[in-house]
Amino acid sequence: MFEPNPPVDLSSGKYLKLWQGPQHPGITGNMSLELTTCGDEVVDCKTHVGYLHRGFEKLMERRTFIQNFPIVCRIAVPEPTFNEYLYAAVVEELAGIQSPERAEWIRTLNLELMRLASYLMWLGGIGAAFGQSTVYQWTVTHRDYILDLFEEMTGARVYHMYIVPGGVRGRLPEGFEGRCHEVLNRVEKLLRDVEKVLFNNVVFKARTKGLGHIPREMVDPYGITGPNQRAAGFARDLRKDAPYLVYDQLEFDLITATESDTYARAWVRYQEMHQGIRMLRQCLDRMPKDGPFQARMPNVLHWQVPAGETYAKAECTRGEYGYYLVTDGSEYVRRVHVRGPSYTHAIALMEKLAVGTNIADIAGLMVSLHTYPPEIER
Amino acid sequence: MDTQKYALGPLLNEGLSAEDRDLFSDARPVPYEPYPVAVVEKFVNWVRANSLWLLAFGTGCGAVELNPLMTARFDAYRMGVQMRPTPRQSSVFIIGGYASVKTLKRIIRSYEQMQGPKFVVCLGICPINGGMYWDSYNTVNKFDEYLPVDLYITGCMPRPEVLMAGVLELKKKIMEGRADGANRYVENFDWYKANQKRVIKDWNMPDYNW
Amino acid sequence: MANPIELLQRFGKNFAISEIHEQKADLTFFKVPKEQAVRLLRELRDDAGYTHLAFLTNIDWIEKGIFTLTYMLHNYDARHSLGMHVDLERDNAEMQSIHGLWAQAATYQRELREMYGIRFPGSPRLDEDFCLEGWDQIPPMRKEFDTAAFSLERFYSREGRGTEDPREHMKGLLYPTHTDEPSSGGQ
Numbered sequence: 001m002f003e004p005n006p007p008v009d010l011s012s013g014k015y016l017k018l019w020q021g022p023q024h025p026g027i028t029g030n031m032s033l034e035l036t037t038c039g040d041e042v043v044d045c046k047t048h049v050g051y052l053h054r055g056f057e058k059l060m061e062r063r064t065f066i067q068n069f070p071i072v073c074r075i076a077v078p079e080p081t082f083n084e085y086l087y088a089a090v091v092e093e094l095a096g097i098q099s100p101e102r103a104e105w106i107r108t109l110n111l112e113l114m115r116l117a118s119y120l121m122w123l124g125g126i127g128a129a130f131g132q133s134t135v136y137q138w139t140v141t142h143r144d145y146i147l148d149l150f151e152e153m154t155g156a157r158v159y160h161m162y163i164v165p166g167g168v169r170g171r172l173p174e175g176f177e178g179r180c181h182e183v184l185n186r187v188e189k190l191l192r193d194v195e196k197v198l199f200n201n202v203v204f205k206a207r208t209k210g211l212g213h214i215p216r217e218m219v220d221p222y223g224i225t226g227p228n229q230r231a232a233g234f235a236r237d238l239r240k241d242a243p244y245l246v247y248d249q250l251e252f253d254l255i256t257a258t259e260s261d262t263y264a265r266a267w268v269r270y271q272e273m274h275q276g277i278r279m280l281r282q283c284l285d286r287m288p289k290d291g292p293f294q295a296r297m298p299n300v301l302h303w304q305v306p307a308g309e310t311y312a313k314a315e316c317t318r319g320e321y322g323y324y325l326v327t328d329g330s331e332y333v334r335r336v337h338v339r340g341p342s343y344t345h346a347i348a349l350m351e352k353l354a355v356g357t358n359i360a361d362i363a364g365l366m367v368s369l370h371t372y373p374p375e376i377e378r
Numbered sequence: 001m002d003t004q005k006y007a008l009g010p011l012l013n014e015g016l017s018a019e020d021r022d023l024f025s026d027a028r029p030v031p032y033e034p035y036p037v038a039v040v041e042k043f044v045n046w047v048r049a050n051s052l053w054l055l056a057f058g059t060g061c062g063a064v065e066l067n068p069l070m071t072a073r074f075d076a077y078r079m080g081v082q083m084r085p086t087p088r089q090s091s092v093f094i095i096g097g098y099a100s101v102k103t104l105k106r107i108i109r110s111y112e113q114m115q116g117p118k119f120v121v122c123l124g125i126c127p128i129n130g131g132m133y134w135d136s137y138n139t140v141n142k143f144d145e146y147l148p149v150d151l152y153i154t155g156c157m158p159r160p161e162v163l164m165a166g167v168l169e170l171k172k173k174i175m176e177g178r179a180d181g182a183n184r185y186v187e188n189f190d191w192y193k194a195n196q197k198r199v200i201k202d203w204n205m206p207d208y209n210w
Numbered sequence: 001m002a003n004p005i006e007l008l009q010r011f012g013k014n015f016a017i018s019e020i021h022e023q024k025a026d027l028t029f030f031k032v033p034k035e036q037a038v039r040l041l042r043e044l045r046d047d048a049g050y051t052h053l054a055f056l057t058n059i060d061w062i063e064k065g066i067f068t069l070t071y072m073l074h075n076y077d078a079r080h081s082l083g084m085h086v087d088l089e090r091d092n093a094e095m096q097s098i099h100g101l102w103a104q105a106a107t108y109q110r111e112l113r114e115m116y117g118i119r120f121p122g123s124p125r126l127d128e129d130f131c132l133e134g135w136d137q138i139p140p141m142r143k144e145f146d147t148a149a150f151s152l153e154r155f156y157s158r159e160g161r162g163t164e165d166p167r168e169h170m171k172g173l174l175y176p177t178h179t180d181e182p183s184s185g186g187q
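In order, the protein sequence lines correspond to chains C, E and B. The opening residue of the first sequence carries number 1 in my numbering; numbering runs sequentially from there. The opening residue of the second sequence carries number 1 in my numbering; numbering runs sequentially from there. The opening residue of the third sequence carries number 1 in my numbering; numbering runs sequentially from there.
It is possible that part of the hints are untrue.
[To be verified] Derived SDA-like pairs (lysine to any residue); straight-line CA-CA distance at most 20 Å:
#1 C:LYS17 to E:ALA72
#2 E:LYS197 to B:ASP136
#3 B:LYS24 to C:GLU93
#4 E:LYS193 to B:LEU173
#5 C:LYS240 to B:ALA148
#6 B:LYS24 to C:GLU92
#7 E:LYS201 to B:LEU173
#8 C:LYS209 to C:PRO7
#9 B:LYS64 to C:THR36
#10 C:LYS240 to B:ASN75
#11 E:LYS173 to E:VAL44
#12 B:LYS24 to C:ASP241
#13 B:LYS24 to C:ALA95
#14 B:LYS24 to C:THR36
#15 C:LYS189 to E:ARG73
#16 B:LYS64 to C:GLY308
#17 E:LYS142 to B:LYS24
#18 E:LYS193 to B:TRP135
#19 E:LYS142 to B:ASP127
#20 E:LYS142 to B:ALA148
#21 E:LYS197 to B:LEU173
#22 B:LYS143 to C:ALA307
#23 E:LYS142 to B:TYR156
#24 E:LYS173 to B:LEU173
#25 E:LYS201 to B:ASP136
#26 C:LYS17 to E:ARG73
#27 C:LYS46 to B:ASP127
#28 E:LYS142 to E:ARG73
#29 E:LYS173 to E:THR86
#30 B:LYS24 to C:LEU238
#31 E:LYS201 to B:THR147
#32 E:LYS201 to B:ASP47
#33 C:LYS289 to C:GLY308
#34 B:LYS24 to C:LYS189
#35 E:LYS197 to B:GLY134
Bear in mind the hints are in silico, worked out from the structure with no lab data behind them. In this text, all values refer to a predicted model and were calculated from it rather than measured experimentally.
Take these sequences, add in the hints, and give me the full structure.
So this is what it looks like as structure tokens:
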């Protein structure tokens with residue numbers, strides 16, 4: 001239910017218009033907030049996006065199905081694999097291709113590693129937003145060890161282009177499991193340190209508890225998903241509710257909280273990192289060690305996918321990530337819609353939550369919602 | 001080199017309303033004159049090359065590799081590089097990949113607010129020829145038509161090691177006095193402005209943001 | 001919780017639901033006429049538990065002259081999604097706004113207004129720029145807009161160029177003796 005913020009009379013001289021971003025170190029990526037402030041208090045907020053708009057949905061309509069595969073990962077920069085997986089999932093579903101079991105395990109491993117890397121970066125972000133830059137240095141460095149694993153697995157640090165329709169692009173390298181376990185141990189040790197430094201820090205607690213409270217009844221009307229929703233007490237997770245890949249064979253707990261403020265959201269994500277490590281270990285141990293990793297594919301140069309439409313979704317770090325694909329039987333995509341969770345969090349929700357907070361807390365609030373602008377405007 | 005001179009009268013600031021026009025300067029930027037004594041200029045260039053302050057403006061996807069670059073793993077601080085939050089304090093503008101038209105406007109504004117000496121480094125292939133988005137309606141394809149570029153670091157995405165190599169290369173260029181992008185901008189000011197205004201359709205800022 | 005097909009048949013008594021298509025176990029598509037769409041959305045949300053609007057988007061069927069809006073709803077308890085199609089005339093497309101049902105719909109409608117030119121009267125900040133700024137062409141996501149031709153026309157000109165051209169520069173570096181005139185020696 002849309003309720004506009006109360007109007008303010010700018011000519012009264014009581015208010016000041018303040019732009020935070022796009023050139024601002026506290027903003028999460030290239031977007032901007034137009035704040036109306038009264039003293040230190042924010043009375044109105046408008047989100048402006050579009051600084052990273054590349055027109056992906058248009059570009060995908062004029063590329064063939066296989067040509068789309070290298071560009072989809074560029075939609076969400078710090079977390080590209082979810083795009084690759086979902087694009088592969090919708091195309092496979094409409095084309096009637098079943099990827100082999102080993103590929104499903106490798107995909108799960110890839111997605112969970114990505115989730116861990118993305119959460120590490122986020123943990124550094126929330127630390128830096130509340131003055132704990134040490135955490136930022138630690139976590140970004142540890143994220144880099146995961147990127148090294150990705151490099152070994154896929155050949156690229158950031159844009160992997162690894163999950164192709166029909167399977168994955170290669171098998172795991174020799175000795176990968178051992179090195180992966182080593183990195184996981186290192187990250188686990190780091191997380192224990194972060195818990196001491198960040199979550200027991202009195203400044204962090206004082207500033208984040210109660211900040212940006214999302215009431216339970218606001219969750220559905222605002223389309224809030226992912227950890228933001230779980231921090232408000234909803235036990236909803238697509239990995240449990242609609243298991244994709246091999247998530248139904250993995251053991252993990254659903255983390256929820258009830259306070260629904262910035263601290264609770266940080267805590268939920270922190271716990272999910274531990275669950276992610278648990279899942280990764282299971283993946284590494286139980287993964288089939290041989291077998292095909294790619295399904296038999298038609299000639300991709302003349303690949304025509306039958307007409308149809310479908311929607312596939314996955315639980316990414318920020319919530320429900322979805323691809324809606326419409327085909328008309330030709331070699332080209334008719335329509336692709338990318339549903340990024342930041343779309344609702346950064347605009348409708350942020351504009352509501354920002355009201356009544358301090359200017360100094362805006363950056364932290366923004367980070368606590370975990371938004372990535374490139375998936376909003378695509 | 002285009003021989004258009006910069007002394008062509010004041011800027012018109014046509015994008016601004018009449019009362020706003022009084023608030024902004026209409027003077028044209030002037031090019032940098034090197035010191036008459038070559039040794040002094042060389043020394044000054046050495047000084048410039050060793051304190052490069054980057055503007056913290058993530059204009060595209062390349063910004064994601066700046067985090068590892070500036071943290072403990074790669075630690076570019078040891079090369080005299082650090083991030084600054086405001087254009088007024090920065091000397092290096094890193095264009096992190098593609099520039100959409102909406103961002104280009106902010107890039108121009110930030111670039112012009114930077115004080116000399118200033119350098120532009122482009123990351124990735126997108127600013128060179130459009131890269132993956134060559135047919136996109138919203139990203140510019142040849143970035144150096146809109147702002148002068150001193151150094152390109154290619155790749156998608158460039159690794160932090162490449163960024164460090166790029167920083168060293170930029171230092172070398174500065175020390176040799178070849179990083180003259182800001183001067184090219186001033187000398188071909190009208191050409192750059194015409195190009196910028198050709199793609200930015202709602203030009204509502206002064207012609208030069210002092 | 002009723003089976004989705006039964007549910008749609010139950011609603012079919014009051015609404016002209018057609019083209020029911022079960023894509024997979026947890027996803028069903030159907031179509032309703034434009035006039036009944038928002039009323040049906042409200043009933044699905046309030047009575048049938050489809051409380052989550054995943055997205056709202058549009059498909060351009062230029063050869064049929066229609067736009068097809070897709071509303072994707074999700075029921076968390078039944079773990080089922082419904083995709084609702086609504087056909088609009090392609091010229092002067094207009095649709096009732098649903099920002100009163102879901103807050104984030106206002107943003108989707110703003111995007112559709114900008115990318116396809118569909119009007120949603122009453123939707124907040126509808127006519128503000130969303131992704132584009134100073135756009136002077138037809139809405140870019142419409143099929144008749146050719147993005148490659150536009151990009152070539154707007155972003156590739158070289159008149160008056162006097163600075164270092166990367167291509168020429170690289171040519172000079174890689175082939176220092178290269179000239180465009182045919183060499184007289186004919187090697």
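How the hints compare with the structure:
no. : hint                 : verdict
1   : C:LYS17 to E:ALA72   : violated (37 Å)
2   : E:LYS197 to B:ASP136 : holds (13 Å)
3   : B:LYS24 to C:GLU93   : holds (9 Å)
4   : E:LYS193 to B:LEU173 : violated (30 Å)
5   : C:LYS240 to B:ALA148 : violated (42 Å)
6   : B:LYS24 to C:GLU92   : holds (13 Å)
7   : E:LYS201 to B:LEU173 : violated (37 Å)
8   : C:LYS209 to C:PRO7   : violated (28 Å)
9   : B:LYS64 to C:THR36   : violated (46 Å)
10  : C:LYS240 to B:ASN75  : holds (15 Å)
11  : E:LYS173 to E:VAL44  : holds (13 Å)
12  : B:LYS24 to C:ASP241  : holds (15 Å)
13  : B:LYS24 to C:ALA95   : holds (14 Å)
14  : B:LYS24 to C:THR36   : violated (47 Å)
15  : C:LYS189 to E:ARG73  : holds (17 Å)
16  : B:LYS64 to C:GLY308  : holds (17 Å)
17  : E:LYS142 to B:LYS24  : violated (45 Å)
18  : E:LYS193 to B:TRP135 : holds (19 Å)
19  : E:LYS142 to B:ASP127 : violated (31 Å)
20  : E:LYS142 to B:ALA148 : holds (15 Å)
21  : E:LYS197 to B:LEU173 : violated (33 Å)
22  : B:LYS143 to C:ALA307 : holds (18 Å)
23  : E:LYS142 to B:TYR156 : holds (7 Å)
24  : E:LYS173 to B:LEU173 : holds (17 Å)
25  : E:LYS201 to B:ASP136 : holds (8 Å)
26  : C:LYS17 to E:ARG73   : violated (39 Å)
27  : C:LYS46 to B:ASP127  : holds (14 Å)
28  : E:LYS142 to E:ARG73  : violated (33 Å)
29  : E:LYS173 to E:THR86  : violated (24 Å)
30  : B:LYS24 to C:LEU238  : holds (16 Å)
31  : E:LYS201 to B:THR147 : holds (17 Å)
32  : E:LYS201 to B:ASP47  : violated (48 Å)
33  : C:LYS289 to C:GLY308 : violated (35 Å)
34  : B:LYS24 to C:LYS189  : violated (43 Å)
35  : E:LYS197 to B:GLY134 : holds (11 Å)
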